[in-house]
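Q: The primary structure of each chain is shown beneath.
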Amino acid sequence: MLSDITLGQFFPGNSPLHKLDPRMKIFLIILFIVTIFCASSLLSFCLVLGSAAFLTILSRIPLRQILKGLRPLFLIMLFTAILNIFWTSGENLLWQWGFVKIYAEGLWYALFMIVRVVTLIIGSSVLLTYTTSPIALTDGLERVLSPLRVLHLPVHEFSMMMTIALRFIPTLIQETDKIINAQKARGADFTSGSLFQRMHALVPVMVPLFVSAFHRADELAVAMECRCYHGGEGRTRMTQLHLSGRDYLFLFFMLALFALVLLCNSVSFW
Amino acid sequence: MECRNPDAVRDQILEVRDLCYSYKAENGTLTPVIRNVSLSVQRGSFVAILGHNGSGKSTFAKLLNMILTPQSGSLRIDGTETLREDITEEEIFALRRKIGMVFQNPDNQMVATIVEEDVAFGPENIGIPPEEIRQRVDSALRAVNMTEFAKHSPSQLSGGQKQRIAIAGILALLPDCIVFDEPTSMLDPAGRAEVMDTILKLNREKGITVLLITHYMDEAVQADRVLVMDHGSFILDGTPREVFSQVEKIKEVGLDVPQVTELMYRLHKDAHLEVPYDILHSREAVDALKLLYAKENGGSALG
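Sequence lines, in order, name chains C and V.
Once you know that position 188 of the first sequence is 188 in my numbering, the rest is easy, because the numbers rise by one and skip nothing.
Once you know that position 46 of the second sequence is 46 in my numbering, the rest is easy, because the numbers rise by one and skip nothing.
It is worth saying that the hints were derived from the structure and are not from the lab.
Keep in mind that the hints are not guaranteed to be accurate.
To be verified - Partner residues aside, some chain C positions facing chain V, computed with beta carbon under 7 Å:
id, residue
1, Pro170
2, Arg198
3, Arg216
4, Glu219
5, Ala221
6, Thr236
These figures come from a predicted structure and were not determined experimentally.
Positions of the beta carbon are idealized from the N, C-alpha and C atoms, including for glycine.
One chain only, chain V, in its complex shape (with noise of 0.2 Å):
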């Protein structure tokens, strides 16, 4: 039997081993989503999962926070074991609210038709005194920069503000870890860089752990960490660098590296130039064209 092991496992918000997960159709086949998945994740950090479309990603996520009850293998969030056959109502709601979770489409995830209402309804479903709603509303409204906004209606928003309204409200729960479920990919440009503005500054400024589920590979590209998720399992994980480093690996599972990537890649590749394609911004990719350009010119630089 799995218990609480505080000590050891103080520093890893989330602990999955082994977890497998099946969609049961009508006629009662199984069809594999989730295959053995193992994951640690560090508490603080800022991980982003890539995966196309029906890769289990969002399965995943849902698992993450109970949701979806996997058929087997072992959960922990901030140490305590979910999978256990004992575990009581209240238990999943304290531990759900540690790990919040924020959906693709915004106006699918409000319930109440004034934005400060709206953020209130997590706290008000767990019980918080009137009060401290109020100092909790104000302060996740603070800091998705929607002060301004609360009295105003959801319908009167764009997809961003709406967005952040949603992140604001599991702010007000007051969770260590946030797993975004492709946060931006309603959102026009303008909405997707508020979105991950705020995503950033939750994670550098407030210590919140990311999970980034995204096909946005400029997102992930700024994540500590990076996972690629094909067929229910992870089938790459590491820095960002290392991660897109493995071009073909990665065109493979029907994703793509980012351009700045895939250009170093195809001046190496096809054009046989000795530059480096391990490479995520154009800054970089600059300063690599610059020194190649060096070398072949006998060491005269380029201004």
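Same shape as in the complex, but just chain C (with noise of 0.2 Å):
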């Protein structure tokens, strides 16, 4: 029951976006996103938009997929168009009833938000969740922050830490299932009665999964310490990871699109 919660969004594959340096799309996906930030007319809206299609049709992930990662926000999108339309005001008034007025630049706005917002998240989830894998994005935002050590951060620490919350999230789920089991074998109900008391039922579940979890982290301490695990320092790491002619491809084709969008923010013809 529990076992087909998928983690993270990742989509195995051999795309040329799957074949990216994961530090390079977690530059790109910052640049990706001061891009969308900055594009103000209707002809950089334009190549925003095409450019998120076009990584779409790169990654080879099925469309049926990321129109399903944007239905969660559906209500987001729609609350911030209306709020535009409604309260944005400008020059060229269309309509009004009463003290309602809708102006042009109210509509564009709106479509704009709208616009960001999907170019947004396909952006995100096209070049980063969907096409690189836990272990390969934890590597890569560990690289990219380690300049930050300097400051005495624990960029190390930090990444470690989210590999083996990955590495445990498939084993605590496989016992969170094995003590469901074992309490609806005592006869414990989960799907019956109010809210609250389902919440209630859920306690001697969470208790030994808690004590068990902090039992395993004691044993991997020891464990990692026999490994001669003693922090970042001095560390080395085997894969490594070297940046190809694809990732300066990628990098042109971004740096390109900044700078045509900011180059078409500035003619306007609506």
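Got two chains here, each in a separate frame; can you build the complex from them with the hints?
A: Listed below in structure tokens is the structure:
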């Protein structure tokens, strides 16, 4: 029952986006977000939307999957669109009823807002979450953030925590399943009663789960110490990341997009 | 002050003398767990340590690679005294690397989400260059016969396979000696056999010293030397044959002898048959019984 929870949203694959260096992807996604927020004219929004579509095609992620990812944000998009339509004032009044005024600018802003949110979601999921395995992601993050070690930020420790969390999620899910079954066998009822009653029924699941998690943490710490773990200092890594021509190509593409968007911002023809 | 004495102790990978360790309870009372234990382990040997639950055998294992610090005594690893006050952290890691340790629960020893990343964890910690880590990981996985699973996630593996990965993770540190703390007690019979085969192979083919803590008698029988621990000290020490023939003493401390030994012991003791009971394998038992039969039937041999 619990085992079909997928971790993150990673879709294993072999597309050009899957093969990108995770460090480059993190950088590209930041650049893409900046580009999205810099866009302010119709033409630049078309460019941003077009490149999001291009990335989606490159990633070979089924479109249905991407639309599914957008669904939870539908309400937020609707809400911001309505806010923008009714609260933006401008020069071209389109419609008025009492104190409710709708300007052409309001409609445009609403549309831009939606395009921003959609491209933001598509861009980040296609570039990062759908095409990067969790381990590559933490690895990339550690390396991208490693300059912060100068400021005594525990970058390595943070990524080690992430790795261990990822490693133990399936184990703990299995364990939860086992405990739930054991409690069911003793007559526990998790499916009926009020919300409060059902929450209360979960207490005998959570307590043993936490006890065992602490126990595991203790054993893991000893095992790590036995394998000479002593933090990030003097540590090397087996897998080395190398930036390839493909990475630079994507970087060029993204920089070109950024420049084009800035250029198009000054061109307004609506 | 104890110091290095390389020549005299080269062939002893571990030398323990008068080691004492007590757990401190919250109210400050000390519970002695290891009492004046002394032991020398020959390089390349296979030593089994038997003891019932709470006899102190797991604590003893943790003392051997300095996870716990004893209150008194002396512990030499490869000729170097570890219980000095001036021992540095680097020295501890260098020595700990020599004494690997494999624990009971394979799940709680794995750090990474990919098998080969997990095997690489140890060498990464001690700062080995990337190309050499790659070689070590490949040869460690080959040694435990898990090369084809290099890219798998540990959660896809069986208990025996996970335990073999845990062993590979230690092997990648190139240890001289591996302490196994009940490595098979959470495994099914097939997994137990896999892990025991791996342990024997490492000992026989790679010359790695093995200390196997177990409560399975059939595993202890395969060792060169068996020690029985009770209440924090060793009460028996010898070859499996010597130790298991002391059936009464072993039963006294709550342990069993191998089934065959038990059978021969009962035949000897209860049925008053004239058979030896320092027997470890069923083959030997059959031979002994055949001999007895032949003797009682006036020399006519049995087919």
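Q: May I ask you to test the interface hint for glutamate 219 of chain C with respect to chain V, counting a Cβ-Cβ separation under 7 Å as satisfied?
A: 4 Å, holds
Q: Would the hint on alanine 221 of chain C be counted as holding, given a Cβ-Cβ threshold of 7 Å to chain V?
A: 9 Å, violated
Q: Any CB of chain V closer than 7 Å to the CB of arginine 198 of chain C?
A: Result: violated, 28 Å to nearest chain V Cβ.
Q: Checking hints one by one. Is proline 170 of chain C an interface residue toward chain V, by the C-beta closer than 7 Å rule?
A: 4 Å, holds
Q: Can the hint on threonine 236 of chain C be confirmed by a CB-to-CB distance to chain V that is less than 7 Å?
A: Holds, about 5 Å.
Q: Against chain V, is arginine 216 of chain C within 7 Å by beta-carbon distance?
A: 5 Å, holds
Hint violations for this structure: numbers 2, 5, all remaining hints satisfied.
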